Amino acid sequence: MIRYRAAPPSTLRVFPLDALTLIYHRASGITHVVDAPVPEILEALGDDALTSPALLARLAERFDLADPDPMALAVRLDELAAAGLVERLCAM
Amino acid sequence: MRHVTAVRIGPIGFRIGSHWRGPIAAIEDLYAGYPAPDDGIPDFNVHLFAARPWRRVLRPSVHIGGDFVIPDAAPLPLAQGLLAAEMGMNLQMALGLRRYLLLHASAVERDGRAVLMTGISGAGKSTLAALLMARGWRLMGDEFVLIDPATGLAHAFPRLISLKNEGIPVAEQAVPQGRFGPMLLGTPKGTLRHLVPDARAVSAMAEPAEPALLLFPRFGFEAAERAVLPSEAFVRLTQSSTNYVNLAERGFEALTRLVRSVPSRAIDYPDAETAVGMVEALA
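One line per chain: the protein sequences are G and L, in this order.
The letter at position 10 of the first sequence is residue 10 when you use our numbering, and the numbering goes up by one with no holes.
The letter at position 90 of the second sequence is residue 90 when you use our numbering, and the numbering goes up by one with no holes.
The set of hints was computed from the structure by calculation and includes no laboratory data.
Values in this document were obtained by computation on a predicted structure and should not be read as measured data.
C-beta: ideal position from N, C-alpha, C; glycine also.
Careful, some of the hints might be misleading.
Said to hold, decoys possible - Where chain G lies over chain L, by a calculated footprint (3+ residues, C-beta under 8 Å):
1. 230 to 243
2. 252 to 260
Claimed, not checked - Cβ-Cβ distance ranges computed for the label pairs, FRET-style:
3. D78(G) x G178(L): 56 to 64 Å
4. D35(G) x G178(L): 42 to 50 Å
5. V33(G) x L282(L): 23 to 31 Å
With the hints as extra help, turn the sequences into a complete structure.
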């Protein structure tokens with residue numbers, strides 16, 4: 001099963017503003033303007049490599065999720081992987 | 001090039017070379033009160049040239065070149081040579097500036113506090129800046145504001161105020177003693193006339209100011225005003241900066257600091273007089 005790991009913290013500048021959060025990605029030089037749940041996902045991943053269900057369980061522990069949808073989380077993770085903010089690790 | 005002049009605007013020095021005397025004479029006349037580049041060394045070169053030798057005299061058309069160029073930029077007729085020189089300087093700033101975060105905005109200052117007014121072309125930035133100058137504000141610039149990433153301070157760039165179309169009579173009335181350039185008809189932006197910034201704007205142009213208010217004006221609507229969240233201000237300012245991406249993390253730091261420390265307001269206005277009242281009430 002695919003596991004996900006956040007980009008190393010040293011490559012990110014996370015800057016919460018108001019409703020939105022700015023993330024400067026040093027590796028690409030791209031500024032991302034993100035809304036919840038992106039900052040929460042990155043924080044929940046921390047230094048760990050988690051599968052999508054494991055991450056969902058961790059998010060459910062920390063937040064009162066109204067509708068914990070594994071598919072929606074998988075889609076978010078793939079978007080973040082495409083943006084370079086999350087790394088996809090394939091199990092061997 | 002045969003005809004050459006040099007001028008410093010704010011912290012930026014320019015050397016302008018031309019195949020024709022006309023544009024250089026116009027620049028020297030209107031920028032007469034401005035200093036030369038520091039130590040005589042310009043930051044940027046602008047070239048106004050004919051694409052073929054005979055086009056210097058036969059239907060002369062002015063191509064804009066320099067250290068930084070846009071390929072295939074349309075040339076201007078020689079009668080608009082002054083505009084070509086101004087466009088050439090703007091182009092160097094927009095494409096080449098690395099020392100400051102460049103915001104496409106006009107700015108005025110009072111008591112060390114700068115009001116930055118950004119907005120798309122036609123939002124009335126230049127007219128508004130001219131009117132505020134007439135009311136005793138120090139004009140910092142009608143086109144570009146330079147944010148120093150190291151200090152967060154706004155640096156002035158008081159080039160000639162570029163008045164367009166309906167803004168021209170408004171400014172002529174507000175600044176009757178002002179020095180105006182020639183009326184340039186049929187330019188890519190319609191009718192255009194330059195106004196020389198007043199003596200105070202020029203003498204104080206090396207003095208930076210603390211940004212105190214970010215305004216997003218919009219012309220042609222009923223008077224209205226609303227607060228702008230820092231995140232919206234951030235996104236709008238990245239769009240109005242030509243070198244945000246080039247400055248990389250320094251740009252990110254400068255802009256986040258600006259939107260977090262300075263309040264932002266959006267104002268709609270039906271005419272320049274109303275806008276001046278709104279700005280003065282907010283600042």
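Each hint tested on the structure:
Against chain G, the region 230 to 243 of chain L contributes 5 residues with a C-beta closer than 8 Å to a partner C-beta. That satisfies the three-residue criterion, and the hint holds. Residues of the region 252 to 260 of chain L with a Cβ under 8 Å from some Cβ of chain G number 4, which satisfies the need for three, so the listed coverage holds. For the pair D78(G) and G178(L), the beta carbons lie near 59 Å from each other, so the given range of 56 to 64 Å is met. Between D35(G) and G178(L), the C-beta spacing of about 48 Å keeps the proposed range 42 to 50 Å intact.
At roughly 26 Å, the beta-carbon separation of V33(G) and L282(L) lies within the given 23 to 31 Å, and the hint holds.
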